[in-house]
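Novice: Once you have looked at the hints, place chain B on chain A.
Protein chains: 2
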Amino acid sequence: MKKPSSYTAVGKNAHRVDGIEKVTGKAVYAGDIELPGMAYAKILRSPMAHAKLVKVDASKAANLTGVVAVLTRDDIKDLNYRYGATYKDQCIVAVDKVRYVGDPVAAVLADDPARAEEALDLIDVEYEELPKVTGIDDAIAPGAPLVHEGDVARAELRGSTYGAPERFKGTNICYYFGYERGNLDEAFKKADFVFEDTFRFHKVQHYSLEPHTNIAYYDGEKFTIWSSCQDPFTLRDHLSGIFRLPLSRIRVIVPYVGGGYGGKLYVKCEPIAAALSWKTRRPVKLVLSIGESFKTVTRHAARVTLKTGIMRDGRLFARECQIFTDTGAYADAGPRVTQKAGYRSLGPYRIPHAKIEAHSVYTNTVPAGAFRGFGGVQVTWAYESQMDMMAERLGIDPVNLRLQNLLKKGEIYTAGDTPVDCDLKEGLLKVADALKWKQKSTKRYTGKGLGMCMKDAGGTYKVAGATVRISSDGSVVLLTGTVEIGQGPRTALSQIVAEELAMPLDQVTVAQLDTDVTPYDISTSASSSTVVMGLACQRAAQDAKKQLLQCAAKVMKQKAAALSLKNGAVHTRSGATAPYGKVIMEFFGSKAGEIIGKGLYRDKRSKKAVLGSPTTFWEVGWGGVEVEVDPETGIIKLLNYISVADVGKAINPAQVHGQDEGAVMFGIGHTMLEEMVYEDGQLLNPNLVDYRVPTFENLPQKFSTSIIENGNGPGPFGAKGMGEGGLLPVASAVANAVSQAVGVRIQNLPLTPPKVWAAIQEKQQSR
Amino acid sequence: MKKPSSYTAVGKNAHRVDGIEKVTGKAVYAGDIELPGMAYAKILRSPMAHAKLVKVDASKAANLTGVVAVLTRDDIKDLNYRYGATYKDQCIVAVDKVRYVGDPVAAVLADDPARAEEALDLIDVEYEELPKVTGIDDAIAPGAPLVHEGDVARAELRGSTYGAPERFKGTNICYYFGYERGNLDEAFKKADFVFEDTFRFHKVQHYSLEPHTNIAYYDGEKFTIWSSCQDPFTLRDHLSGIFRLPLSRIRVIVPYVGGGYGGKLYVKCEPIAAALSWKTRRPVKLVLSIGESFKTVTRHAARVTLKTGIMRDGRLFARECQIFTDTGAYADAGPRVTQKAGYRSLGPYRIPHAKIEAHSVYTNTVPAGAFRGFGGVQVTWAYESQMDMMAERLGIDPVNLRLQNLLKKGEIYTAGDTPVDCDLKEGLLKVADALKWKQKSTKRYTGKGLGMCMKDAGGTYKVAGATVRISSDGSVVLLTGTVEIGQGPRTALSQIVAEELAMPLDQVTVAQLDTDVTPYDISTSASSSTVVMGLACQRAAQDAKKQLLQCAAKVMKQKAAALSLKNGAVHTRSGATAPYGKVIMEFFGSKAGEIIGKGLYRDKRSKKAVLGSPTTFWEVGWGGVEVEVDPETGIIKLLNYISVADVGKAINPAQVHGQDEGAVMFGIGHTMLEEMVYEDGQLLNPNLVDYRVPTFENLPQKFSTSIIENGNGPGPFGAKGMGEGGLLPVASAVANAVSQAVGVRIQNLPLTPPKVWAAIQEKQQSR
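In the order they appear, the protein sequences are chains A and B. To convert, note that position 659 of the first sequence is 659 in my numbering; the numbers rise steadily by one, no gaps. To convert, note that position 115 of the second sequence is 115 in my numbering; the numbers rise steadily by one, no gaps.
For reference, chain A alone in the conformation it holds in the complex (with noise of 0.2 Å):
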């Protein structure tokens, strides 16, 4: 094994290998795909939360001049119509009844799109108002309207891998994860201190830059699909159970992706662009608008109370998590996101009591799903929070309370899971160092906080397989499943192939992702593709250089053991070299052919492991943040953020830092400025105008990111997964240091000026 110093592609800055399409505009995203004979969809959404559908009649639409067909609930009764990343609960549209302002209703097939868009106004559609639940609390209230009366859900529900109790039938809780160990109520009662605290996360959206967008084209045969997606094999699955075709008839190809977070995972509006395809047999295009975008997919908002018990010295010692989660009209991954949630609430502590209880709730809001961060952002919210309130409660400084109850290397989050596999405690150091902690502000109105995670990362059971395929003049082809949504794999993951087979990064190129030719991968998702995606993508280099080291042999008449791979060639011992073209050509003898190395990544199964596998491996992260508020105004200026990551060894430390700075913004966004705006089910602010994420404005006045190596990774080179880890505990400490700068306790998020200021004209006032 080659030691980190002698690295030639891994742990090198080496520039994007997309960059030079993306700066000059010549990267095709989905949106640039246009094919002969297309048409263009756009879909009529329901102006209403909760209604009756009485009449969808869009003859009107359909017979208007330029327009190829409608859809409508009447069209698709011949197909398996319902889908759903975890519960079969979301119609092509709508059937019976609209669930959340923007459920699509029926949607129009046109030569244009604004013809399309004209045509939408013909279509008569009648509602019957029904009473509607637009949040947590309304919708767990006894008696409650049902977002679904229950037969749909419901039966998908028993036949799932998850489960929600019976004592949840005719309600809108849609699932349920419970976890328990040690003696909670014993715990309690022995407790020095128990303190509850509850707090409040909101709906915020990806905001990708690039909405969701697809081509479907159906030609009697084979379905196409350009998606911009980040999970085109789980795609392929939906489709093919809607379409009831054979997988092998049903091809999805992913060009660039515009951002993603989780957004793009699992199915969205590509039955609609599909079924209208299958209907017309024509190529269709269906672009989202951002607003759409806003009315596909957000963030869950979320409830989380926290009981924990506390000794006087510090000790955690029992906690009690109770978490809902609004998934929206339809589950989506709202069930994997709970449960997620549900299991990363102990957060990276020792807590010897303890029980979970997470709730997925339907609401009659836009369908939650998955969100960089997958229900941890809500409970290290709690949490982290938390942490700093018990703090000061008990006087203990908030860095050694959480010294003293960090998990160790080694030591077990829960049974049957993998062991933490980094010192938890070296980033908080490292932050706390860095933020000079211990030097008080002296500055009024300022203060310092901070917070950290672990989360469970790379997906609960992946698989990624991974092609390496070199030509005659030794020029590599990669063919990987992981998308590049702008988080850089193709940089990364090509770097890895360089290195394994000691080739210069620019002979390797990486194929079109295909379904139909690239190996299969489960998503784009969980911080996981350098890990998963990498360690598949190393054993198909590996499995080549095998290959190339036996044609070497034959061809340079050495036994392979002999022989060693460096800077495109093969090596004897004796000092001759063959670049490997030459290799490959002696070989076979002429130009025809090449050497074709597999690789196969798949996460372990256990029956002990909470979730049924254990994780991948740990994501961490580490914030601090000084702050200065404005009591007048209730602006929070953000004078310094710090962010550590445990990286276990960066592939490209550009991109490493990069991803981490970026958590961080994103981050920073739904602490300060992003939130949906609901009034009476209707979103006010589904645009980029009333919609605000951070810009350069927003940038801390100073910012650093710093990355922890120490090969504790089980991806290649020691490498672990990253990009979440930053974004996790933003909230927190930003509302740390707001406690500490002004006094005042936030405990719903976002901490917007008037949140601030109110909150300390209440503080005085009370005083």
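In case anyone wonders, no lab produced these hints; they're calculated from the structure. No experiment lies behind these values; they were computed from the predicted model shown. Ideal Cβ placement from N, Cα and C applies to all residues, glycine included. Hints may contain errors.
Quick list of the computed label-pair ranges, beta carbon to beta carbon [unchecked claim]:
hint, chain 1, residue 1, chain 2, residue 2, range
1, B, GLY612, A, PRO4, 56 to 62 Å
2, A, GLY66, B, LYS52, 55 to 61 Å
3, B, THR577, A, SER706, 45 to 51 Å
4, A, GLY416, B, ASN567, 39 to 45 Å
5, B, THR577, A, ALA562, 48 to 54 Å
6, B, THR24, A, LYS22, 34 to 40 Å
7, A, PRO4, B, ASN567, 50 to 56 Å
8, B, THR65, A, SER706, 53 to 59 Å
9, A, SER574, B, ARG281, 42 to 48 Å
10, A, GLU126, B, PRO653, 24 to 30 Å
11, A, PRO113, B, LYS55, 48 to 54 Å
12, A, PRO113, B, PRO653, 23 to 29 Å
13, B, ARG281, A, GLY178, 55 to 61 Å
Specialist: Showing chain B alone in chain A's frame:
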């Protein structure tokens, strides 16, 4: 091993898997592809057969509104602009001189094709006409003007695996193949009779319904080419050379191809489209007209002189073959075609003493390249005509003369080559029988004739890879580099995979051919696909099957050896079954998995073999015909045609019959109708009106094809390739029948009515 009687997919007349797509017009050909920002190219072609290029000024054209770019010799200097299948004697556009009418001089790229066409007129070209050679006799005459002055082609010649002896320096002969055995001079002295006859074959065109079409797009990082070509990997090699890019940065995609017949092998007009995109970074579409395809590639005209020594009893004893082929202005595949023509010129007969000299000759006409039969058509025409001529001279029945001299199964054609792999008599007797050979035609002016051929098939040195992917629902995607040109490999290869994996054919689909992801295949040519790619696919399926059984062994808790596959399910001996999808899902524990099988076929290399590699298999065909000649008009009516092909095992009998019928009709074309008519170096009939191909009117009144299945092929299930064997005997069979019918022997094709009439007249006058 299964018995043929138990086959479920192989040997069945399965419907073409591309059938629905094609009859509904949904199948995508290169011409159907449109890309955003696409521009359209047109080529300015030389009006002169041979001229020095004094001036090429495209500045006026470049300034025309709508013109994106022009391409002249000034634009290609930085490229490695010389290319060619065998020698690099061709330039992207003409540099120093033009060498045939149609030689590309410049190109224009414009926003629409009409504007590009218009701009061609604005290109100012000054030619200085040079003396030309327009046929073999001209070109090999002493002191003939040289098509190539020698430096370019010669330089390549020296480094080539082919060779031209020093004595051809400074001539138009660009390639020479020689072969000798026994003692020819002695043998001619010992022979009872020595007959010397010369036969001529004319230039004909491939006449693919789809002319050459390609789209090239260089985005600054990677070249993507959609091309109607038969050998995308070879094209990739050539473009890699021209643009000095690694193979991994060149991606060739092949949609359906509308006919090839060899005319779409090797590089054609792709470098022009590619150079325009290289210059402009825009997608470039270049669609040749039919007329331009006529000016791109043709079949080799040939002059074949056979001097044959024969014994009184009919025993062939010695033969000298002097072959000259007209390869036109550029070598293209000419040297290889000439080599094959030479190698094949002894026919299926035992001839102890032999000498072959085959020469490829440059002329100022359209380049001649690969064409169904690849040199075999020209020499079969000669040797099978001469067989009948000798039979007549000796008073021996032509069938008996052949039977007496045919090689036996297991006998050697030339030392080092694969022994004859079938019974050559079988088909001959079958044809004679079906033709009622011994029964004299009773009607006046009618006659019977027959011919046969034996062709070293599969191409010289084939390499092919294939991949079989079984998805988690048990359906299969096959990755194969064989181009679907209409000849049916998608169906046949799918049948092979379905048979090997014991699954329904409709669960198998074939992925798009894309050099980035499809395993290497050298080319779709030489009747090779069923054997060569067939074996690769079969091996890939076997590899997948082995893995599937291993998975099933785990899932079903059985030994793999105790399991068998049947109808898409794994069966245990006790009768338990599990569909493939279930096995994969249970093995992987979710839908997240697949099985990938790899297969590779490589021809053997052998220094002992005359051509360096023993033939993959012998392709053998027989044809018999009864004609009626109208002495008043010279019109030949085909009363009955019988074709017999040795196919080893027909994977899809209906397709095999279709191929053989097509081959015969193809032969009828060049035998009786097709001819490229030149006058003073100008091609007079490059269009679909003046160049006549057979239509339904030209079908024989009775027409039957018969296949012999002895399982003697090296391919899957005993298959051999076919599709050329039916073509080769046609011309000689018809000429032999005409001779019997009206007593005239025509030795230069085609047998057009005027020619036949004139021969009859001449004969009558000479009486």
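Novice: Are the hints correct? Go through all of them and say.
Specialist: Evaluated hints:
no.	hint	result
1	GLY612(B) <-> PRO4(A): 56 to 62 Å	violated, 48 Å
2	GLY66(A) <-> LYS52(B): 55 to 61 Å	holds, 57 Å
3	THR577(B) <-> SER706(A): 45 to 51 Å	violated, 58 Å
4	GLY416(A) <-> ASN567(B): 39 to 45 Å	holds, 40 Å
5	THR577(B) <-> ALA562(A): 48 to 54 Å	holds, 50 Å
6	THR24(B) <-> LYS22(A): 34 to 40 Å	holds, 38 Å
7	PRO4(A) <-> ASN567(B): 50 to 56 Å	holds, 54 Å
8	THR65(B) <-> SER706(A): 53 to 59 Å	holds, 58 Å
9	SER574(A) <-> ARG281(B): 42 to 48 Å	holds, 47 Å
10	GLU126(A) <-> PRO653(B): 24 to 30 Å	violated, 60 Å
11	PRO113(A) <-> LYS55(B): 48 to 54 Å	holds, 50 Å
12	PRO113(A) <-> PRO653(B): 23 to 29 Å	violated, 50 Å
13	ARG281(B) <-> GLY178(A): 55 to 61 Å	holds, 59 Å
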